[in-house]
Structure formats: structure tokens, C-alpha cells
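Asks: Sequence:
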Amino acid sequence: MVLVFSHSGFSDTDANGITLKNLLSAIDKEQKAQFYCDTATPDFTAAQQYFRVTDVQMLKAFFFRKSKHIFTAQQEQKKAAPVRKISGSLKKRKYNFFLKWLRERLWCISPWGHRALRSWITSLAPDAIVYMVGESHFMDKLVLKTCKRTKKPLILYHAEAYRIIDLNTRRGLDRAYYRKSQKLYARLNDLARLIIYQSEPLQVGYEAKYPHKAQTMLAYNPAQRLQIPYQPNHPLCITYFGNLGVGRHESLIETANILQKLDPELKIDVYGKALAQIEDALRACEGIRFHGFLEQEQLREIIAASDILLHVESFSPEIMPKLRFAFSTKIAQCLASGRCFLSYAPETAASSQYLRSVGAPIACDARQLEVLLSQMIADEALRKKSVEKCLRIAEKNHDLERTAVCVREAILRLG
1 MVLVFSHSGF SDTDANGITL KNLLSAIDKE QKAQFYCDTA TPDFTAAQQY
51 FRVTDVQMLK AFFFRKSKHI FTAQQEQKKA APVRKISGSL KKRKYNFFLK
101 WLRERLWCIS PWGHRALRSW ITSLAPDAIV YMVGESHFMD KLVLKTCKRT
151 KKPLILYHAE AYRIIDLNTR RGLDRAYYRK SQKLYARLND LARLIIYQSE
201 PLQVGYEAKY PHKAQTMLAY NPAQRLQIPY QPNHPLCITY FGNLGVGRHE
251 SLIETANILQ KLDPELKIDV YGKALAQIED ALRACEGIRF HGFLEQEQLR
301 EIIAASDILL HVESFSPEIM PKLRFAFSTK IAQCLASGRC FLSYAPETAA
351 SSQYLRSVGA PIACDARQLE VLLSQMIADE ALRKKSVEKC LRIAEKNHDL
401 ERTAVCVREA ILRLG
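According to my numbering, the sequence shown is numbered sequentially starting from 1.
Since the hints were made in silico from the structure, they are not lab data. Please note: incorrect hints may appear among the correct ones.
[Claimed, not checked] Label-pair distances were calculated between CB atoms; the ranges are:
no., residue 1, residue 2, range
1, P111, Q227, 45 to 55 Å
2, A116, V371, 51 to 61 Å
3, E347, H114, 45 to 55 Å
4, L262, M1, 50 to 60 Å
5, M1, R324, 32 to 42 Å
6, W101, K389, 40 to 50 Å
7, R402, L262, 31 to 41 Å
8, T122, R283, 47 to 57 Å
9, E30, L414, 34 to 44 Å
10, W101, A186, 16 to 26 Å
11, R392, G292, 50 to 60 Å
12, K385, D280, 37 to 47 Å
13, R283, K385, 26 to 36 Å
14, R356, D379, 13 to 23 Å
Beta carbons are placed, not taken as given, at the ideal position from N, Cα and C, and that holds for glycine.
Start from the sequences and build out the full structure, keeping to the hints where you can.
Replies: Shown next as C-alpha cells:
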């Protein structure tokens with residue numbers, strides 16, 4: 001039995017949930033259980049047992065309001081009612097470090113069900129503990145306590161750079177919060193038997209800051225190859241899907257304007273959730289058709305009907321330094337899609353360095369972008385060649401079954 005701790009539950013829609021589900025997919029669902037803290041309903045195709053506590057449930061516990069936390073497939077909780085979410089106005093303040101400190105303290109002292117969780121873990125009798133490292137002090141402490149009680153091997157999975165943030169760039173509560181985060185992580189690092197990294201820059205960054213004796217493994221985001229045959233469109237269908245935050249909409253608008261210059265018939269079809277002001281900016285762009293969020297099954301059909309898939313990152317001076325370790329989960333999906341793929345992102349972004357190293361199409365400035373778009377639009381043979389190259393990259397580095405089996409075998413070898 002593998003017990004997983006993470007903020008996001010296994011999922012087919014949330015990026016972290018998708019990554020974790022794919023990564024552990026070679027382990028039978030009967031042999032997985034998960035503790036998580038978001039509001040998504042349990043995914044019984046990924047695991048059979050769940051313990052879920054949300055922020056709202058944690059707060060309600062102060063007023064002796066009980067909530068259901070344990071979900072099993074045998075109880076057929078697939079139709080469980082969704083729980084209340086934290087106010088959007090509070091979510092916008094997630095970078096307010098006073099609120100971060102307060103949230104962490106409340107999680108530690110709230111009577112949300114610590115004893116019930118201990119009993120649940122005891123009944124599971126896990127053989128290994130997997131922790132998708134986030135930035136929660138509470139979750140760190142919970143994992144440390146669980147390791148101490150169970151004496152089972154700890155596996156850390158890194159998809160973000162939360163614990164290698166340069167403290168010299170931070171001030172006040174922000175600096176204090178991340179200093180505490182790094183101290184807690186140092187304890188986790190000392191306990192870990194296996195550490196899995198999503199990308200090479202993350203591995204280099206963590207190992208430079210936290211020397212360890214644990215085994216290590218590089219596991220790029222896995223993705224399943226799209227089996228739907230490609231049918232060309234006229235005019236070409238150019239698609240962007242995924243996160244529209246962190247300045248990505250500005251790069252999309254820039255790309256759309258270049259497309260319009262090359263061919264006024266061409267537009268970018270954009271799919272994803274967006275804040276109202278970002279949605280307004282996208283809708284105001286002549287070269288963009290904004291469609292909003294789609295579920296994974298619908299999105300698969302959109303990808304299959306596309307000629308070119310785009311990935312973009314922000315070129316804002318404030319955001320670019322944060323891209324040093326950023327590796328979008330959708331890159332693997334695009335590479336494995338059997339469709340032409342083009343990335344427009346700063347040279348210093350982790351995704352750019354990776355794509356350049358494997359020979360995938362990438363533009364790192366507006367001039368390169370215009371040249372590549374012009375070539376891809378005009379030359380069908382070039383698009384086919386690009387597809388073949390991307391599929392080879394996906395097969396080598398992002399094959400879902402091979403990656404999941406490697407992760408499973410690495411965990412089993414820990415005994």
C-alpha cells in the first residue's frame with residue numbers, strides 16, 4: 001500500500017492531479033490511498049481510499065461542525081456532493097504572507113480530525129509514503145509525523161521550486177515563511193529514501209542546496225500518445241490550451257497579432273480558465289477566439305482537430321526569473337499529440353532549455369516566432385517532420401507506461 005500526501009487530489013483536470021495520477025498509474029488503484037486538501041471529489045479510477053480535508057472544513061471544525069473526510073470506492077462516493085470553496089477574494093491574496101502564516105497555524109490547531117486521520121493511516125498499514133512537495137508547513141509536519149509513526153520509506157516528488165527560493169530576494173514575513181519552509185524541507189530531505197524530480201533544472205537546484213544520500217530519479221511529465229489520425233484543416237486550426245495566468249495571455253496576444261500579419265484568416269483558438277480582465281483582453285484581440293474551460297475528454301477532441309499546438313510563457317521582466325524552474329505539464333501532452341507543436345518562451349525558461357536540448361521547435365523572441373510561424377503555415381512537409389520529431393521525443397522521455405513502471409519499480413526496491 002502506497003500512501004500519497006499532496007494538496008491536489010488525483011485528477012483528470014487539475015495539472016498537479018494529472019501529473020501525480022500518471023506518475024503512479026502503474027501501481028494498482030487498490031494499493032494506493034491519498035490524503036489531500038483541495039475541493040475536488042475523489043477519483044476512484046486512481047485510488048480506492050481517500051482522506052480529504054478542505055480549508056473550509058478546517059475552519060468549520062472550530063465551530064464544532066463535522067465534515068465527512070473518509071471516502072472509499074466500496075461506499076460508492078463517486079457522486080459525493082462538492083464541498084464549499086474558499087472565497088475568491090481570499091484566493092487572490094494567496095501571496096499575502098500574513099495570511100499564509102495564519103492558514104498554516106489554523107491547520108495545526110483546528111480540531112478537523114487529526115485522530116481520525118491517525119486511525120485511518122494505521123488501518124491502511126502503508127508500505128511507502130509519497131509526498132508531492134508543495135509549500136505547506138502543515139503538510140510537511142504531517143508527513144514527518146507519519147514517517148516517524150510508521151517507520152516506512154519516504155519518497156519525495158518535486159514539480160516546483162518552492163524550497164530553493166533565494167531568500168536574499170525576499171523580505172519580512174515572506175522571507176521568514178520561506179526560511180521556515182527550507183528548514184522543514186531539510187528534515188524531509190534527510191528522511192527521504194527516494195527523490196523524484198520533474199525536470200533536470202529542478203534536480204540540479206535542489207541537489208546543490210540540499211545534499212542527500214537518497215536515491216534520485218528524473219521523471220519528466222508522462223503523457224499518453226493521441227491515437228486519432230491527423231486530418232489537415234483549411235484554414236489551419238491553431239490551438240492554445242491550459243493556464244492563462246502569469247502573463248501568458250500577453251504572449252498569446254503577441255502571437256495572434258503576428259499570425260494576423262502573416263495571414264488574416266488565421267486565429268488562435270484559446271481554451272482555459274481566465275480572470276475577467278484577462279478574458280476581456282483575449283476577446284478584444286482580433287486574432288483570438290476565446291472558448292473558456294473544457295473538460296479533459298472534450299479537450300482531447302480539440303487537440304485531435306488541431307493543426308498546430310502552441311505553448312507560451314511570459315516575457316515580463318518580473319515573471320521571467322520565476323520561469324527558471326518552470327516546466328509546464330502540458331508540454332508532454334503536446335509532444336505526444338501527433339500534431340505540430342511550437343513553443344514561444346524566454347530562452348532562460350526551463351521548458352525552453354529542455355525543448356532546445358531535444359530539438360523541438362521553439363521561438364525565444366518575436367523575430368524567431370514570426371519566422372517559424374511563417375514556415376509552419378506555408379510548409380506541410382515541415383509540419384509533418386516536426387510531428388515526427390516531437391513523437392520521438394515523447395516516446396523517449398514522456399512515455400506514460402514506461403515512466404510509471406520505472407517509478408513503481410523504484411518504490412518497490414525500497415523494500
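Asks: Could you run down the list of hints and mark each one as holding or not?
Replies: Checked hints:
1. P111 with Q227: 45 to 55 Å: Taking Cβ atoms as reference, P111 and Q227 lie about 50 Å apart, which means the hint holds.
2. A116 with V371: 51 to 61 Å: With a Cβ separation near 60 Å, A116 and V371 satisfy 51 to 61 Å, so the hint holds.
3. E347 with H114: 45 to 55 Å: Once the Cβ atoms are compared, 47 Å apart, the range 45 to 55 Å for H114 and E347 holds.
4. L262 with M1: 50 to 60 Å: The hinted range 50 to 60 Å holds for L262 and M1, with Cβ atoms some 55 Å apart.
5. M1 with R324: 32 to 42 Å: At roughly 37 Å between Cβ atoms, R324 and M1 fall inside 32 to 42 Å, so the hint holds.
6. W101 with K389: 40 to 50 Å: 48 Å, holds
7. R402 with L262: 31 to 41 Å: Holds, at about 39 Å.
8. T122 with R283: 47 to 57 Å: At 53 Å between Cβs, range holds.
9. E30 with L414: 34 to 44 Å: 20 Å, violated
10. W101 with A186: 16 to 26 Å: 20 Å, holds
11. R392 with G292: 50 to 60 Å: For R392 and G292 the Cβ distance comes to about 34 Å; the hint is violated.
12. K385 with D280: 37 to 47 Å: 38 Å, holds
13. R283 with K385: 26 to 36 Å: Distance hint for R283, K385 holds at roughly 35 Å.
14. R356 with D379: 13 to 23 Å: 21 Å, holds
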